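Chains B and U are the protein sequences, given in the same order.
Taking my numbering, the leading residue of the first sequence gets 1, the next gets one more, and so forth.
Taking my numbering, the leading residue of the second sequence gets 1, the next gets one more, and so forth.
Think of the hints as simulated: they come from the structure by calculation, not from any bench.
One thing to keep in mind: the hints can contain errors.
Because identical chains share one entry, a pair is satisfied inside a single copy or across any pair of copies.
Result set (DSSO-like, lysine-lysine): computed pairs, CA atoms no more than 27 Å apart in a straight line [what the hints assert, rightly or not]:
{"id": "1", "residue 1": "120", "residue 2": "175"}
{"id": "2", "residue 1": "135", "residue 2": "175"}
{"id": "3", "residue 1": "2", "residue 2": "22"}
{"id": "4", "residue 1": "22", "residue 2": "137"}
Every value quoted in this text rests on a predicted model; they were computed, and no experiment measured them.
The residues making up each chain are set out below.
Number of protein chains: 2
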Amino acid sequence: MKLYDGGRAPNPRRVRIFLAEKGISVPLVPVDMGAMEHRGGAVAERNPLRRLPVLELDDGTVLCESVAICRYFEELHPEPALFGRGALGKAQVEMWQRRIEFNLYLPVSYAFRHIHPAMKEWEIPQVPEWGEVNKPKALDFLVLLDAELALREFAAGDEFSIADITGLVAIDFMKPARITVPDELTNVIRWHRALAARPSASA
Amino acid sequence: MKLYDGGRAPNPRRVRIFLAEKGISVPLVPVDMGAMEHRGGAVAERNPLRRLPVLELDDGTVLCESVAICRYFEELHPEPALFGRGALGKAQVEMWQRRIEFNLYLPVSYAFRHIHPAMKEWEIPQVPEWGEVNKPKALDFLVLLDAELALREFAAGDEFSIADITGLVAIDFMKPARITVPDELTNVIRWHRALAARPSASA
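Work the whole structure out from these sequences, hints included.
Rendered as structure tokens:
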């Protein structure tokens, strides 16, 4: 088994954090995304969408999509449960994972990819107006999330989950996207600090 | 238990199709999205994102996000399995569910919401350029999907899954978004016809 990894990019980081939280070690194949290595060669052969990460099993089976790769490992190594426990717990993790993904991670990605000059060759065409529209969307969701995090320790409940991983990566991604967490969102700031202090954050 | 339902809108439809495939009947509370009823009242009280569908359990617990609601029912009623079987099967359904969602359903939604005049009060502000950029994205993905569907009956393998439900709803949503499946994508057309012919499609 090997994991084609993309270094600092947010999706590869999500999977590395997930594996670190599980205590699973998978051989990494580094791919230089800055040099666009994932647009051809081994990655493009394995993933027609030419994105990272890509997991290749020993029999050559390929799995793409960060959350799908994480779910594969969750099924093989159920503890600690990072996709929730029981019907309701699993649904709540899925709910918060998706809410954070669609209302924070995606808007932050759009703000970065459609505005940042370094993304000109990545996002063709850039639509700067779309990037700008997404900044307040991300901030609106953070207000909602702050109210939720006043009620509990983690995004989906009292246990750390994949929803927190997506949240950590999204908030860290706000820096290159040039969006700042407002000082008054003290619950979001407390939550982000706690996530960033876990050993997995540097995976 | 009751499901706040949004009629013809694509996300409520996904959950109704899922329930029909499972043979589960849940009391529906119709919400008139055309009259923006979901932006206030019972829906807004239960879902701060003011979106449908919303599932309310008998103890008042609220579940939002279509795929999270579906997963709740998958856990309670595992057969027929619509999220895949075994670690690899579950990961493959997740992979195709996400690929279809991010590369077809989302671009089609953007094309509809950012261009269609009827969406002016829904999508504020509309960014027509962003809508246009998404039409070729949807078509590019359909080419990739067509090659995959040449190899197997359903999106994620030989069994029907939630990835097919997302695909059916996305392709039907292309009509109001004014995007047409090209005639040469015969595998996509065969697949869509088969999905549309299932009794669940009219749920």
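Going through the hints against the structure:
1. Proximity of residue 120 and residue 175 under a CA criterion of 27 Å is satisfied intra-copy only: 18 Å inside one chain copy versus 32 Å between copies.
2. Taking the shortest alpha-carbon separations for residue 135 and residue 175, only the intra-copy value of 12 Å comes in at or below 27 Å, while the best inter-copy value is 30 Å.
3. Proximity of residue 2 to residue 22 under the C-alpha cut-off of 27 Å is restricted to the intra-copy arrangement: shortest distance 17 Å within a copy versus 36 Å between copies.
4. In this assembly of identical chains, residue 22 and residue 137 lie within 27 Å of each other by CA distance neither inside one copy nor across copies; the values are 32 Å within and 35 Å between.
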